[in-house]
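Position chain B relative to chain A; hints supplied.
2 protein chains.
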Amino acid sequence: MSLQNDLILRAAKGEKVERTPVWLMRQAGRILKEYRDVREKLSGFKELVETPELAAEVTIQPVDILGVDAAIIFSDILVIPEAMGLTYQMLENKGPWFEKTIKSQADIDQLIIPNPYEKLAYTLDAIKITKKELNGRVPVIGFAGAPWTIFSYMIEGSGSKTFSKAKKMLYTEPAMSHVLLDKITQSTILYLKAQVASGADMVQVFDSWAGILSPAQYQEFSLKYISQICDAIPEVPVTVFAKGAFFAREEMGKLKCNTIGLDWNMDIAESRKLIGANKTLQGNLDPCALYGSFAEIKKQTNVMLDQFKGSRHIANLGHGLYPDTNPDAVRCFIESVKEYKSVLA
Amino acid sequence: MSLQNDLILRAAKGEKVERTPVWLMRQAGRILKEYRDVREKLSGFKELVETPELAAEVTIQPVDILGVDAAIIFSDILVIPEAMGLTYQMLENKGPWFEKTIKSQADIDQLIIPNPYEKLAYTLDAIKITKKELNGRVPVIGFAGAPWTIFSYMIEGSGSKTFSKAKKMLYTEPAMSHVLLDKITQSTILYLKAQVASGADMVQVFDSWAGILSPAQYQEFSLKYISQICDAIPEVPVTVFAKGAFFAREEMGKLKCNTIGLDWNMDIAESRKLIGANKTLQGNLDPCALYGSFAEIKKQTNVMLDQFKGSRHIANLGHGLYPDTNPDAVRCFIESVKEYKSVLA
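If you read the sequences in order, they're chains A and B.
Going by the working numbering, the first sequence opens with residue 1, and the numbers climb by one from there.
Going by the working numbering, the second sequence opens with residue 1, and the numbers climb by one from there.
Extracted from the complex, chain A is given alone in its bound form:
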């Protein structure tokens, strides 16, 4: 099925686009009443992730309601540790929590490299349904967590301010850490390949905890594995978003991926210089800018677009949308991006 709007795919590949494509990380979620209506009928977040029809429904909502140029499949990066053998719970207002964590080589040995068609069929089915229901309106983005971020959750068992347990393992058990990272990487590659086979038009790798590693550690324990993932997915454009990894931008420019996500701390001109001209950059409005007046949102969006002008760009926030953001503010951001073209013309 041919896509009616393939702006984001062309932008990712560095092809000519009529205007900058736009989507938002966490666009499917709590900011939309329509999402909350679906969600409140269910036992919890995980039921939504694991029910393909409903996951597809909330995936498509922001396309209909907000007018974004891509749908990102509604899921969670923690489906991978769960499929590998560590069940998680999503605690209301507290975030994820794992009953069992990884403490030893024996724990790692017990983890499996899951067949995604068995263990993660719910996400693959959700992608298939989404593709069918979107009927070519916009592309579908698949995703997974970066191995280092998944590793962190597996060791810590939850979010953390310092991730000192996970980092401690890197310092005290580097060899064991690599075994675990390798196992996560293999699982992630199989999962992303299955997402592509199920219809994902592009995929994004989220390294949410990139920013807590030192530059040397990031190279050894994260970028190495992200690089393996990029190499393994030649079929569709790959985006790497490593939150806080400002120190690795030059190295990230060498990854076999199409797009690098920038967070709002990263200066755009400097990032372009470090990453080079051969990557599309994605981002990077501060999600808190959407708390401002519509005039201010438009102004901030234009300031951002001006800085990206003339180079490969996909408009987005520099982080996921915060749940208390007004949907009209999100629409204002999206419209500002779409109207920017006419300013150029």
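These are calculated hints, taken from the structure and not from any lab test.
Mixed in with the good hints, there may be bad ones.
It does not matter which identical chain is used: a pair holds within one copy or between any two.
Listed below are the simulated DSS-like cross-link pairs for lysine-lysine, each with C-alpha atoms no more than 25 angstroms apart in a straight line [what the hints assert, rightly or not]: (1) 41 - 273; (2) 165 - 298; (3) 168 - 33; (4) 165 - 94.
Just so we're clear, the structure is a prediction, and the values are computed from it rather than from any experiment.
Then chain B, alone, in the frame of chain A:
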């Protein structure tokens, strides 16, 4: 009283030193049994902060027990919001919590610019006692939070993952934000001047939440006020530690301060290039490196020292010491710094 060990003051001023001086952020605290012994007799953290004799005792402990080249007064950055009118509690395992937060101009109007000799006499007295008891062995470091970090706590009422309430105020009420930041800055200057008058040999400004602002916002809402503080304290060397403000290093090189703290994410050579040769750099071993074996700690410390070699440096971690660190690991770090000199000789 002349100092027997003024290495850190000379290093801060860019004068010749026989070896690199070393201290650790949060060196006075839970890692020491001697600290926990003092602490457990008290009702809580705040009683320790507000009892000058005991605050002085725990301030001096790491000089005796660990052999650091400076004592940093035991206190908290939140004494300033409290003195201005917002009482805080320190909740065990949860961190600070303010019952009342700042929501409006009326709330800001109610805040006072406290006379530190009245409202913060406990810290000033602690400095005087520490100076007397140290009897010139090492210098005493005073400190305060940067206005932006204090502002964040005043708005959020506690720590936060995103500090989106505080950032929201910057976007929605920039003029009001500046009024509050100005009031905090005035209070902080008076407080630091009083610390110096009470005997502090140098002072450090901690901008713990620097890293959550965009570069443009950091310039407008944080660096501007840090700059005012630096200008107002010509009497002693000033150190600015802005955690996560990698994007502001070039601007920070222009501050009227002697030393810039680096966190462990910041590449040393790049930081030197951005900040320039006329500042002493402080840092920046990853606090988690102290979880490694002694051989590994020594190696990592030497790798760090090699990178600073030949330029102005005060050895420290890139963040505060984590409470579960083994004191022997800390000693190993300190000894590694002290022994490094002989390698050079």
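Here's how the hints hold up against the structure:
Proximity of residue 41 to residue 273 under the C-alpha cut-off of 25 angstroms is found in neither arrangement, the shortest distances being 48 angstroms within a copy and 56 angstroms between copies. Taking the shortest Cα distances, residue 165 and residue 298 sit within 25 angstroms of each other only across copies (21 angstroms), while inside one copy they are farther apart (42 angstroms). In this homomeric assembly, residue 168 and residue 33 come within 25 angstroms of each other (Cα to Cα) only across copies, at 22 angstroms, whereas the closest approach inside a single copy is 42 angstroms. Proximity of residue 165 to residue 94 under the C-alpha cut-off of 25 angstroms is found in both arrangements, the shortest distances being 19 angstroms within a copy and 18 angstroms between copies.
In the structure shown, a violation is registered for the earlier hint numbered 1 alone.
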